[in-house]
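Colleague: One-letter residues, chain by chain:
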Amino acid sequence: MFRRLDPPPETGNETGTVFWKGAPLEVMLGQSVAAALLEHGISTVRESAKSGAPRGPYCLMGACFECLVEIDGMPGRQACMVTVRAGMRLAPQRGAVALDTLGE
Amino acid sequence: MSAARDAQAPEAIIVGAGPAGMAAASILAEAGAAVLLLDENPAPGGQIWRGVDAATAVHRSRLGADYAAGRRATRRLAASGARHLPGTTVWQLSPLVTGAEIGWTDGQRARLATVPVVILATGAQERPFPIAGWTLPGVMSVGGAQTLLKSSSLAAEGAVFAGTGPLLYLVVAQYLAAGVPVAAVLETTAPGALGRAAWSAPAALRRPALLAKGLQWIAAIRRAGVRHIRGVRGLRVLGETAATGIAWRMGDGRWREIATEHVFLHQGVVPSVNLSMAAGLAHRWCPQQLAWVPRTDAWGQTGSPGLFVAGDGAGIAGWQAAEARGAVAAQAALVRLGRLSPVQARLRAAPDRRRIAAEGRLRPFLDAWFRPAEAFRVPEDPETVVCRCEEITAGALRAAIAQGLAGPNQLKSFTRAGMGPCQARSCALTLHETIAHQTGRPAGQIEPLRFRPPVKPLSISELADMTFDDGAGHG
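If you read the protein sequences in the order shown, they are chains A and B. Mapping of the first sequence onto the numbering used here: position 33 corresponds to residue 33, and the numbering continues sequentially without gaps. Mapping of the second sequence onto the numbering used here: position 89 corresponds to residue 89, and the numbering continues sequentially without gaps.
Take the hints with a grain of salt, since some may be wrong.
What the hints assert, rightly or not - Ranges of calculated distance between the beta carbons of each label pair, as one might list FRET restraints:
#1 B:G64 / A:A23: 37 to 47 angstroms
#2 A:G41 / B:R346: 52 to 62 angstroms
#3 B:L215 / A:E14: 23 to 33 angstroms
#4 A:G41 / B:H228: 20 to 30 angstroms
#5 B:V58 / A:A23: 26 to 36 angstroms
#6 B:G338 / A:D6: 42 to 52 angstroms
#7 B:V97 / A:A23: 54 to 64 angstroms
#8 B:L215 / A:D6: 28 to 38 angstroms
Stated by the list, open to error - Here's a subset of chain A near chain B, in silico, CB distances under 7 angstroms, partners left out:
#9 C59
#10 M61
#11 C64
#12 F65
None of these hints come from the bench; they were simulated from the model. As the structure is a prediction and not an experimental result, all values here were calculated from the model. Using N, Cα and C, we set each Cβ at its ideal position, and we do this for glycine too.
Chain A with its partners taken away, still in its complex shape:
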């Protein structure tokens, strides 16, 4: 499990509550959504598009698209590229992103 060595440099050390599958999580704000989830031991964030296999963050730099999640109802967001904010409703990306949801 990932543990914090000291306060995260990219943040003002403020915490806030986000919701993962409806359950509240207290997270350090300002870091990426992926980092916030990993700190809570959540390494599986989606189901693969074809077989439904569990997947989690891999490259953490926006290249691999393995960390796709749903954020506030918007599917297919890269958790490693989105800064976590208080109140975010996060859910696993299940399967492929449906085209009709892309336009909001």
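Fit chain B to the supplied structure of chain A, relying on the hints for placement.
Modeller: Frame of chain A, contents of chain B only:
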């Protein structure tokens, strides 16, 4: 000027705020050019200097001198007058007779602009590391683990690091400096590679500091008593729904295993070419770096006037060379913009050209020392997933190639490999080398995968709200 326009039309757009992009943007802006620096991340620095402005002194010292050096570059950028747009993704680039049309989005609204100068400084990404079980949660790239360390101060105890390359050693050393126990280092570097590399590229021996840095990292691993296995020939990650361990095979053919929830994989970095390839720029296969590299002249100028590539995106050479290549491209760009004479550009670029040459002499040594073994580039095990998005295995690819497919574009149409959301970032090189391996054709003679815009996905609503800027002052 319309009210919608909040700034001067850019003369130059730089893509990527790493060492090359920051150097280029700073120099152009200092010379008075209107510069827009687009970058996906929340702060400047690229991958190497990720989070450097916000890092505490403790954190910086833990990450080392090369990391701390980034502060000089970010300060210069901030003072230069270049307009930096963080959190911005470039989704398209089309060369024009001179300059280019470029599209980007801030996640809310897409924009399109024509500019006389575009400098791509898209940097590097890690080479794919296709082994059995590499899609399991808990498996990450070493670069990914380092990103969590740099920007969030997160580290995982008891991780296993597997693979080869300077970054592997560096991150293990950074973990140990932070007091985080490492379970094992499983090295896939070919036995004897260091000696052979030194023999074949003696120029590196004139830079003992570099060799010393590498040997220091290895010594740190030894001092910490970390289990260090060299000469690993095969790897597979264990686990059903998440990583529970990793097994490795030695020259004797026997598999051994160790339990861990965290496996960090790495076998070098390669240029990020999705954007330069989607723009239709010419690329060449680099047999030393086993990757596609954009063709440029010594100034970073591509075959399209006004379109430059600088930094590791133009071939891996490290951050010092990247900074110098960004600077050189900026001088050439100033000539194009009519802000500098060719003679002045030559004079100003001379020190950076020397830096590039010095770094370039070291590369053959590093490329040879850390050359990833073929067994880890072209998976032997047919069950190994190659295309992570579409879940296409090595066996399925080989069966399709056996039908006589000419290259990766046909392979993509037949198998869907490379068609998922990552747009082949995680598999293009594996597809390419698998075809080369199976057909016996040289990799450089096989047409590369064609990348198409948008190079990163964007939503219909972002496009619907798009504004166009023709660079002439109309909103």
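Colleague: Broken hints, numbered, in rising order?
Modeller: Hint 3 alone not satisfied by this model.
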